[in-house]
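So the chains spell out like this:
2 protein chains.
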Amino acid sequence: MNTAASNLLPKKVTEAIKSVVGVNPADLHEPEFVGNEWNYLKDCLDTGYVSSVGQYVDRFERNLESFTGAKHAIAVVNGTSALHIALILAGIESGDEVLIPALTFVATANAVTYLGATPHFVDSERQTLGIDAQKLKNYLQSISKMQGNTSINRKTGRRIRAIVPMHTFGHPSDLTGLIEVANEFNLVLVEDAAESLGSRFNGSHTGTFGKLGILSFNGNKIITTGGGGAILTSDTELAMRAKQLTTTSKIPHKWEFRHSEIAYNYRLPNINAALGCAQIENVEFKIAAKRELYIKYYEVFSKIEGVHLMREPNGSLSNYWLQTLLIDDPSLKLRDEILEETNNAGYRTRPAWNLLSDLDQFGGSPKSDLTESHQLMNRIINLPSSPKLARIVTD
Amino acid sequence: MNTAASNLLPKKVTEAIKSVVGVNPADLHEPEFVGNEWNYLKDCLDTGYVSSVGQYVDRFERNLESFTGAKHAIAVVNGTSALHIALILAGIESGDEVLIPALTFVATANAVTYLGATPHFVDSERQTLGIDAQKLKNYLQSISKMQGNTSINRKTGRRIRAIVPMHTFGHPSDLTGLIEVANEFNLVLVEDAAESLGSRFNGSHTGTFGKLGILSFNGNKIITTGGGGAILTSDTELAMRAKQLTTTSKIPHKWEFRHSEIAYNYRLPNINAALGCAQIENVEFKIAAKRELYIKYYEVFSKIEGVHLMREPNGSLSNYWLQTLLIDDPSLKLRDEILEETNNAGYRTRPAWNLLSDLDQFGGSPKSDLTESHQLMNRIINLPSSPKLARIVTD
Numbered sequence: 005m006n007t008a009a010s011n012l013l014p015k016k017v018t019e020a021i022k023s024v025v026g027v028n029p030a031d032l033h034e035p036e037f038v039g040n041e042w043n044y045l046k047d048c049l050d051t052g053y054v055s056s057v058g059q060y061v062d063r064f065e066r067n068l069e070s071f072t073g074a075k076h077a078i079a080v081v082n083g084t085s086a087l088h089i090a091l092i093l094a095g096i097e098s099g100d101e102v103l104i105p106a107l108t109f110v111a112t113a114n115a116v117t118y119l120g121a122t123p124h125f126v127d128s129e130r131q132t133l134g135i136d137a138q139k140l141k142n143y144l145q146s147i148s149k150m151q152g153n154t155s156i157n158r159k160t161g162r163r164i165r166a167i168v169p170m171h172t173f174g175h176p177s178d179l180t181g182l183i184e185v186a187n188e189f190n191l192v193l194v195e196d197a198a199e200s201l202g203s204r205f206n207g208s209h210t211g212t213f214g215k216l217g218i219l220s221f222n223g224n225k226i227i228t229t230g231g232g233g234a235i236l237t238s239d240t241e242l243a244m245r246a247k248q249l250t251t252t253s254k255i256p257h258k259w260e261f262r263h264s265e266i267a268y269n270y271r272l273p274n275i276n277a278a279l280g281c282a283q284i285e286n287v288e289f290k291i292a293a294k295r296e297l298y299i300k301y302y303e304v305f306s307k308i309e310g311v312h313l314m315r316e317p318n319g320s321l322s323n324y325w326l327q328t329l330l331i332d333d334p335s336l337k338l339r340d341e342i343l344e345e346t347n348n349a350g351y352r353t354r355p356a357w358n359l360l361s362d363l364d365q366f367g368g369s370p371k372s373d374l375t376e377s378h379q380l381m382n383r384i385i386n387l388p389s390s391p392k393l394a395r396i397v398t399d
Numbered sequence: 005m006n007t008a009a010s011n012l013l014p015k016k017v018t019e020a021i022k023s024v025v026g027v028n029p030a031d032l033h034e035p036e037f038v039g040n041e042w043n044y045l046k047d048c049l050d051t052g053y054v055s056s057v058g059q060y061v062d063r064f065e066r067n068l069e070s071f072t073g074a075k076h077a078i079a080v081v082n083g084t085s086a087l088h089i090a091l092i093l094a095g096i097e098s099g100d101e102v103l104i105p106a107l108t109f110v111a112t113a114n115a116v117t118y119l120g121a122t123p124h125f126v127d128s129e130r131q132t133l134g135i136d137a138q139k140l141k142n143y144l145q146s147i148s149k150m151q152g153n154t155s156i157n158r159k160t161g162r163r164i165r166a167i168v169p170m171h172t173f174g175h176p177s178d179l180t181g182l183i184e185v186a187n188e189f190n191l192v193l194v195e196d197a198a199e200s201l202g203s204r205f206n207g208s209h210t211g212t213f214g215k216l217g218i219l220s221f222n223g224n225k226i227i228t229t230g231g232g233g234a235i236l237t238s239d240t241e242l243a244m245r246a247k248q249l250t251t252t253s254k255i256p257h258k259w260e261f262r263h264s265e266i267a268y269n270y271r272l273p274n275i276n277a278a279l280g281c282a283q284i285e286n287v288e289f290k291i292a293a294k295r296e297l298y299i300k301y302y303e304v305f306s307k308i309e310g311v312h313l314m315r316e317p318n319g320s321l322s323n324y325w326l327q328t329l330l331i332d333d334p335s336l337k338l339r340d341e342i343l344e345e346t347n348n349a350g351y352r353t354r355p356a357w358n359l360l361s362d363l364d365q366f367g368g369s370p371k372s373d374l375t376e377s378h379q380l381m382n383r384i385i386n387l388p389s390s391p392k393l394a395r396i397v398t399d
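Heads up: the sequence lines are chains A and B, in that order.
Start counting at 1 in the first sequence, then tack on 4, and there's your number in my numbering.
Start counting at 1 in the second sequence, then tack on 4, and there's your number in my numbering.
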């Protein structure tokens, strides 16, 4: 594409967004409270159960289990804490390396460091925006060796213990490929499904393929509990340990306080779970709206040269949490011009995260070639994605 | 006291409780939502601001500042996370020892371990139920040495870095004595004021004497946010760091994601802060009720031989969060008989925590002589303490 054409893109993208969402300003993602939210919150106040006692935490966990098909869901205070506990239960120890995409939210890497382990950054692919399994396989073949059943990084000498794919903007990563890599190198698979509630891969819910998976219900997610998250697992023993570790490991007793191990206060309060119970009742409705919004955006963006709208990967059903535009030209300058123009017009667009491998605090972490991640970072723009935008009628 | 008299105590205590709180069952501590709780929660839903955006977090922090007199209050997701961050900001490093009472909730010790530091358990005193400052001073003189400005445990060789007094059941610890010890041994004072919102020592609010202090708003506390906590400090730089560390250290930018250091997701959601804003409007009312309840209990328990009601220490004003009965006879058997009898009668009483030094996970931690803590553990029974109980009229 020549420069002249590129320079028209910011305006064209802005016009395209306007043609879908209308002339009014649009946030990146707004929550909606159109169901039983108020009834359930009011019930918490009326009964006095807002905190660690009350029915909504159990109920929300059972709701999550039936919606995702996970055998066990353990509600916690946010996605980061869910990942922290999931990594402990996956057997990550101080000194281990954990493979994570460089292109993810900082929480994925932070949680690894809480255990004294080191994030090891790997490349993503255009097709899914998640870890490139084939490239990871080749990479591990070149940099690791097996010692017994353990994969060792030949350069650092550290054990490589787990892969944590993140299902970016709701699009499932290549789980078939990643499971193959995990098996070949004896790595534990822990899925960061913070963004992908409702997204399925080959018919099964994201977060249920790994030994453990995690969800987030932050305010910008497809459903929200204010702040909240959950751990998913099919392993009953791990589920019981997850509950213990997130609730100070108190040994049940009618009055005594005894705690069996060092643990955490990651309990989701009843009032936040109440919000979750109301929100999940409408999740299918929201996903449908988001998928419809994708079609609306597709209709306009397919006519614009120089950009492509991210589509759910083959074999996947995506919740389309954040609609994603990929600019053909991987120049940061063009990306920032589009961000500037669209935000100035009142449409809250945003780029992907800066690669975590480029942050000072992770400067010493090992990493593979990250060519595609860098390109994606320069090419990605998230568009206004609230479910309500699908219902706007424009001329 | 002879055994025959002791054996009458469980019944006498039960009758005494009944004479104060009436014949109906009474919880240990119930929250009350009698103010603007509904309005503020509804406002969150109506505006869509339930999570990290919204006015209530700021407002709750300013409310806490004006109520406690702390220069800065930083709201977080619970008391444990507040303590975790406060300890980081106090300069605790992996390998350090932190002096804490053996008689406290497990969170105090857990938070120390999150930093790779070791809890060092010290004895409490009858007068305050908090750390015995004089005994601590003697103990440190015998087991530590100064290396330059640093206090070193001569036995373990580790640096002793901080004292974390906990203001038990709302009664302020001996802050005068503890500040003196902190100065003599160059220790940082971090106050665990999880239970003492509204309690003052020499006229100033607990949690404002140390370099940092923390509060909790768990469901059983004097005010609740469902789950929540706060960090208090008069140091503006530490306050800014506390905000950064609890909100993933994101560098403010209109769309970019950059994070300056490894950090945490300990943000209090707006919806929980909204509850806090309503709750704190009534805190004085609740404290007054609790102080009145103390007087009612005092009237009946002062007539019973073999028990004493815990009274606020001299020079302190206590929030009387949990009313506390001290049995004269330090026998676990008698304590448990009273717990059994009162609970069977529908009155939720509970003992103090088992000493943390007796838990397996802290078995390797250093400790001073804990004679008084052991005695207190055997002697303490918390009584039903809800503010509403002060308003019950009995014959």
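Be aware that a few hints might be false.
Identical chains blur together in the list; that is why a pair holds if it fits in one copy or across any two.
[What the hints assert, rightly or not] Below 35 Å or equal to it, Euclidean Cα-Cα: the simulated DSBU-like pairs (lysine-lysine) are: (1) Lys247 - Lys371; (2) Lys258 - Lys16; (3) Lys258 - Lys149; (4) Lys371 - Lys22; (5) Lys254 - Lys139; (6) Lys258 - Lys392; (7) Lys247 - Lys75; (8) Lys337 - Lys215; (9) Lys254 - Lys15; (10) Lys392 - Lys46; (11) Lys15 - Lys300; (12) Lys139 - Lys46; (13) Lys46 - Lys149; (14) Lys22 - Lys149; (15) Lys139 - Lys392; (16) Lys337 - Lys258; (17) Lys22 - Lys392; (18) Lys16 - Lys215; (19) Lys46 - Lys247; (20) Lys254 - Lys371; (21) Lys337 - Lys149; (22) Lys258 - Lys300; (23) Lys215 - Lys371; (24) Lys215 - Lys307; (25) Lys300 - Lys46; (26) Lys337 - Lys300; (27) Lys139 - Lys215; (28) Lys307 - Lys15; (29) Lys139 - Lys75; (30) Lys254 - Lys46.
Since the hints were made in silico from the structure, they are not lab data.
Please read these numbers as outputs of a predicted model, since none were measured by experiment.
Here's how the hints hold up against the structure:
1. Proximity of Lys247 to Lys371 under the C-alpha cut-off of 35 Å is found in both arrangements, the shortest distances being 33 Å within a copy and 30 Å between copies.
2. In this assembly of identical chains, the alpha carbons of Lys258 and Lys16 lie at most 35 Å apart only when taken from different copies (22 Å versus 66 Å within one copy).
3. Proximity of Lys258 and Lys149 under a CA criterion of 35 Å is satisfied in neither setting, with 52 Å inside one chain copy and 44 Å between copies.
4. In this assembly of identical chains, the alpha carbons of Lys371 and Lys22 never lie at most 35 Å apart, being 40 Å within a copy and 67 Å across copies at closest.
5. Taking the shortest alpha-carbon separations for Lys254 and Lys139, only the inter-copy value of 31 Å comes in at or below 35 Å, while the best intra-copy value is 44 Å.
6. For the identical chains of this complex, Lys258 and Lys392 are inter-copy neighbours only, at 23 Å across copies versus 48 Å inside a copy, given an alpha-carbon limit of 35 Å.
7. Taking identical chains as interchangeable, the C-alpha atoms of Lys247 and Lys75 lie at most 35 Å apart only when both belong to the same chain, with a minimum of 14 Å there against 37 Å between chains.
8. In this homomeric assembly, Lys337 and Lys215 never come within 35 Å of each other (Cα to Cα): the closest approach is 41 Å inside a single copy and 46 Å across copies.
9. Taking the closest pair of Cα atoms, Lys254 and Lys15 come within 35 Å of each other only across two copies (30 Å); inside a single copy the shortest separation is 58 Å, beyond that limit.
10. For the homomeric pair Lys392 and Lys46, the shortest alpha-carbon distances inside one copy (25 Å) and between copies (20 Å) are both at most 35 Å.
11. With identical chains, the CA atoms of Lys15 and Lys300 are at most 35 Å apart within one copy only, with a shortest distance of 18 Å there and 73 Å across copies.
12. When the C-alpha separation of Lys139 and Lys46 is checked against a cutoff of 35 Å, the pair qualifies neither within a copy, at 51 Å, nor between copies, at 50 Å.
13. Taking identical chains as interchangeable, the C-alpha atoms of Lys46 and Lys149 are never at most 35 Å apart, the minima being 57 Å within one chain and 57 Å between chains.
14. Neither within a single protomer nor between protomers do Lys22 and Lys149 lie at most 35 Å apart by alpha-carbon distance, with minima of 53 Å and 71 Å respectively.
15. Within a single copy, Lys139 and Lys392 get their C-alpha atoms no closer than 38 Å, and across copies no closer than 65 Å, so neither meets the 35 Å cut-off.
16. In this assembly of identical chains, the alpha carbons of Lys337 and Lys258 lie at most 35 Å apart only when taken from different copies (16 Å versus 63 Å within one copy).
17. In this assembly of identical chains, the alpha carbons of Lys22 and Lys392 lie at most 35 Å apart only when taken from the same copy (14 Å versus 56 Å across copies).
18. Proximity of Lys16 and Lys215 under a CA criterion of 35 Å is satisfied in neither setting, with 45 Å inside one chain copy and 55 Å between copies.
19. Taking CA atoms no more than 35 Å apart as the test, Lys46 paired with Lys247 passes in both settings, with 27 Å inside one copy and 31 Å between copies.
20. In this assembly of identical chains, the alpha carbons of Lys254 and Lys371 lie at most 35 Å apart only when taken from different copies (22 Å versus 40 Å within one copy).
21. With identical chains, the CA atoms of Lys337 and Lys149 are never at most 35 Å apart, being 41 Å at best within one copy and 60 Å at best between copies.
22. In the homo-oligomer, the alpha carbons of Lys258 and Lys300 lie at most 35 Å apart only across protomers (27 Å), although the nearest pairing inside one protomer, at 57 Å, exceeds that limit.
23. For the identical chains of this complex, Lys215 and Lys371 are intra-copy neighbours only, at 24 Å inside a copy versus 40 Å across copies, given an alpha-carbon limit of 35 Å.
24. When the C-alpha separation of Lys215 and Lys307 is checked against a cutoff of 35 Å, the pair qualifies neither within a copy, at 43 Å, nor between copies, at 61 Å.
25. Taking the shortest Cα distances, Lys300 and Lys46 sit within 35 Å of each other only across copies (33 Å), while inside one copy they are farther apart (37 Å).
26. For a Cα distance limit of 35 Å, the shortest separation of Lys337 from Lys300 inside one copy, 27 Å, qualifies, whereas the shortest one across copies, 72 Å, does not.
27. For the identical chains of this complex, Lys139 and Lys215 are intra-copy neighbours only, at 22 Å inside a copy versus 50 Å across copies, given an alpha-carbon limit of 35 Å.
28. For the homomeric pair Lys307 and Lys15, the shortest alpha-carbon distance inside one copy (14 Å) is at most 35 Å, but the shortest distance between copies (84 Å) is not.
29. For the identical chains of this complex, Lys139 and Lys75 are intra-copy neighbours only, at 32 Å inside a copy versus 53 Å across copies, given an alpha-carbon limit of 35 Å.
30. Taking the shortest alpha-carbon separations for Lys254 and Lys46, both the intra-copy value of 29 Å and the inter-copy value of 34 Å come in at or below 35 Å.
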